[in-house]
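Undergrad: One letter stands for each residue in the lines below.
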Amino acid sequence: MLPGISGFDWSVGHVIFLAIFFSVLACVITVIAVAILKAVRDFTKHKAEAICWDEEFRGLPLSARRCRHDISGRVAGRTCTNGFKCSHCAFNDEILAKETAPQDAHAFGFEMPPGRLYHRGHAWVEPQNDGTVKIGLDDLGSRLIGEPSKVELPERGSHLQINGVGWRLTKGGRSIRVLSPVAGTVIATGGPQEGWYLKVKLEDAKTGFRHLLQGEEIRSWLLQEMERIQRLLSPPAAGISLADGGVPVPDFTMAYPDADWDEIWGEVFLES
Amino acid sequence: MLGKAMGRSLDGNVLERGADRAPLGRFCLWLLPWFLLLGVGLYGAYLCLAHGLNQTNMNNRFIFGLWIFLDLTIIAFGAGAFFTGFLMHVLKRRELRAIINSAVVMGFICYSGAVVVLAIDVGQPLRAWFTFWHPNVHSMLTEVTFCITCYLAVLLIEYIPIVLRNRRLSQIPSFLVFEFELHKMMGAFAVVGTFLSFFHQGSLGGLYGVLQGRPFAFREGFAIWPSTFFLFVLSAIAVGPSFLILITSLVRKITGKRLVGTEVFDLLARISGWLLVVYIMLKSADTLVWLNRTAPAVGFLGYDFYTEPTLGIWILMAEIILFGLLPAVILINKRRRQSTGWLITGGILACIGVAINRFVMTIQTLALPTLPFDPYVLYWPSWQEVATFLGVLAYGVIFFSFSYRYLPLYPKERELGKT
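These protein sequence lines map, in sequence, to chains E and F. Sequential numbering from 4 applies to the first sequence in my numbering. Sequential numbering from 2 applies to the second sequence in my numbering.
Hints listed in this document are in silico derivations from the structure and should not be mistaken for laboratory results. Quick reminder that beta carbons are idealized off the backbone N, C-alpha and C, glycines included. Be careful, since some hints might not be right.
Derived contacts from chain E toward chain F, CB cut-off under 7 Å, selection only [said to hold, decoys possible]:
id : residue
1  : HIS17
2  : ALA38
3  : ALA42
4  : GLU219
Far from chain F, some chain E residues (derived; all Cβ distances over 12 Å) [stated by the list, open to error]:
id : residue
5  : LEU40
6  : ARG69
7  : GLY76
8  : SER90
9  : PRO116
10 : GLY194
11 : GLU197
12 : GLN227
13 : PRO253
Chain E extracted, bound-state conformation:
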């Protein structure tokens, strides 16, 4: 095979054949080595969480990737291809330049206090007077899970990235991860008595909250989410039927124990 090995000779056929073979081998090894090196570089440059989210986003069904402005009725049939990074979306800037109306404290029976902004993965953000923000799970998200058996909040000093893992909940043996709506450092956490929350010092205040849902678009988004949930809860043969009147129960999983909650949580919390 190689010079010095019995049977090798410097004939044209031998050299061409082995050159092609070793070129292929070198190509395969190089590609793997480059992939490993790039993966290491992604970690050292803190790009890993963003890549994980992009991969997650790619696996989401189309219904979960509708543009926020499609949901709010400002445009029709627009799907997000940008991983919900609205801060870097020119179309979003253009739309949000228009004044948005203040939101209601209640929408479809869910508590949506004024002053809060919302992430598509059902986390709320509440700017504080000291420049920090509080983040937590919104009312619809909380009711979809009910009482979790375990809550894993990040430790103080942990770094969060937008669309990276915010915190994890466990229910019925299934782990549910909630996406972080902001980038920054966790400076305090709240337990069950105060309602689970994280207090975060923002990494870059200039980024602002353009990527978060606000004002009147929250109602449209909630309606869409309820439709999606109803569709997932409905038997395949039946159509969607939205409840007319009444108030949402505190724990949806108790009301629909036979539903495929694993799938529903995946869709609602944007986990493919």
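Take the given structure of chain E and dock chain F to it, following the hints.
TA: Only chain F this time, still in chain E's reference frame:
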């Protein structure tokens, strides 16, 4: 409490989210007969390796038997993997994204099965490295060995990102990031795979075409390559998409789920059909040249090869017309291929056609006499050979079943299940 969420299936945490899979117990029941068959196959293989090839019905005349026929056939079927990769990554047919993962898995099963059977056929697997260390560069078989092992390595690398997309594994950030970076380079692997596949599919055909002592197989050609080199490549890429259609339809039938959209089947069938048309035209021309010029030049009339009724002229007609031209006509006809029944019929006929071609080249070539005192000999495989064959089949089913259950083989399945 929570029904499905609490785990009607014990392995629910490992299953694809939203993918409706059978409970673990039923899955194990499905696997049981295949594991039994695999056990029988392993026993047959053990006998062959422990006691030698006297366990088979191969002899000095039939140096190739059932196993080489199996190898050539499944390697042709496995061409669906490299060809789909080529269409998607190089020719940018993005709609094939819905089926590329399953094509890679099928390719991996076909090639790994072929390599295992080759290792048993060679008989001394502990000395298998000799073929790499002391290669005979004048042998087409050396090219085949190098290309198949290299391509198996490429398929393994292409399989890794699919494994890393498993629900549990993808929760480990380093795996997901590595998968992301590796996935970006799949185009390079598609090109390397195409190069390797092109050459070994061709060399498998070429090694029969260069057999000057076997006028039934010997063919003229271009430069150092006999016509069979090109016909094997063409038939493999023609039948690869048909085999993908068949397996996907079979999985759909067994699971009762829509796995890919009809546009994917339509594209694969159209490609398969037109390539079959080209293949059948060239095959017919090659057969005419062989019968009228190549064989008479060495003292044989074309009819001399077909005097025995068991492998008479009917097999040539069946290969070219019934299992070549007919499926080609079915698959290029838009109305026909849009009907599931016709689509599957076309796919089955095309696959049988290529299997017959590989059977003719391996078995019929050796059955026919080449010298006046040679008898016509027929070969039947021993039970050990059949058991090994079935063992490979069982391995394929088991491997695919696990991959389907735990990996995202059909990314559109979830979406299509709701429409």
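Undergrad: Is the claim that PRO253 (chain E) lies outside the interface with chain F correct, judged by CB distances over 12 Å?
TA: Answer for PRO253 (chain E): holds, closest chain F Cβ roughly 16 Å.
Undergrad: Quick one: work out the minimum CB distance from SER90 (chain E) to chain F and report holds if it exceeds 12 Å, violated otherwise.
TA: It holds; SER90 (chain E) is separated from chain F by about 22 Å at its closest Cβ, greater than 12 Å.
Undergrad: For the hint on GLU219 (chain E), does the least C-beta distance to chain F fall short of 7 Å?
TA: violated (29 Å)
Undergrad: Since GLN227 (chain E) was said not to touch the interface, does its Cβ keep a gap of more than 12 Å from each Cβ of chain F?
TA: At roughly 16 Å from the nearest Cβ of chain F, GLN227 (chain E) sits farther out than 12 Å, so the non-interface label holds.
Undergrad: In terms of Cβ atoms, is chain F entirely out of 12 Å range of ARG69 (chain E)?
TA: At about 14 Å from chain F, ARG69 (chain E) clears the 12 Å cut-off, so the statement holds.
Undergrad: ALA38 (chain E) was flagged as interface toward chain F. Is the shortest Cβ-Cβ separation under 7 Å?
TA: Because about 4 Å separates ALA38 (chain E) from the closest Cβ in chain F, which is inside the 7 Å limit, the hint holds.
Undergrad: Going by Cβ atoms, does GLY76 (chain E) stay more than 12 Å from chain F at every point?
TA: Check passes; 24 Å lies beyond 12 Å.
Undergrad: A closest beta-carbon separation below 7 Å is what the hint needs, so does ALA42 (chain E) meet it against chain F?
TA: Holds - the Cβ of ALA42 (chain E) comes within 7 Å of chain F, reaching about 4 Å at its closest.
Undergrad: Please verify that the nearest CB of chain F lies beyond 12 Å from GLY194 (chain E)'s CB.
TA: GLY194 (chain E) clear of chain F: closest Cβ-Cβ about 25 Å, beyond 12 Å.
Undergrad: Is the nearest CB of chain F more than 12 Å from the CB of LEU40 (chain E)?
TA: violated (9 Å)
Undergrad: Does the claim that GLU197 (chain E) lies off the interface hold, with its Cβ farther than 12 Å from every Cβ of chain F?
TA: Given that every Cβ of chain F is farther than 12 Å from that of GLU197 (chain E), nearest at about 27 Å, it holds.
Undergrad: Hey, does PRO116 (chain E) actually stay past 12 Å from chain F on C-beta?
TA: holds (30 Å)
In summary, the numbered hints that this structure violates are 4 and 5.
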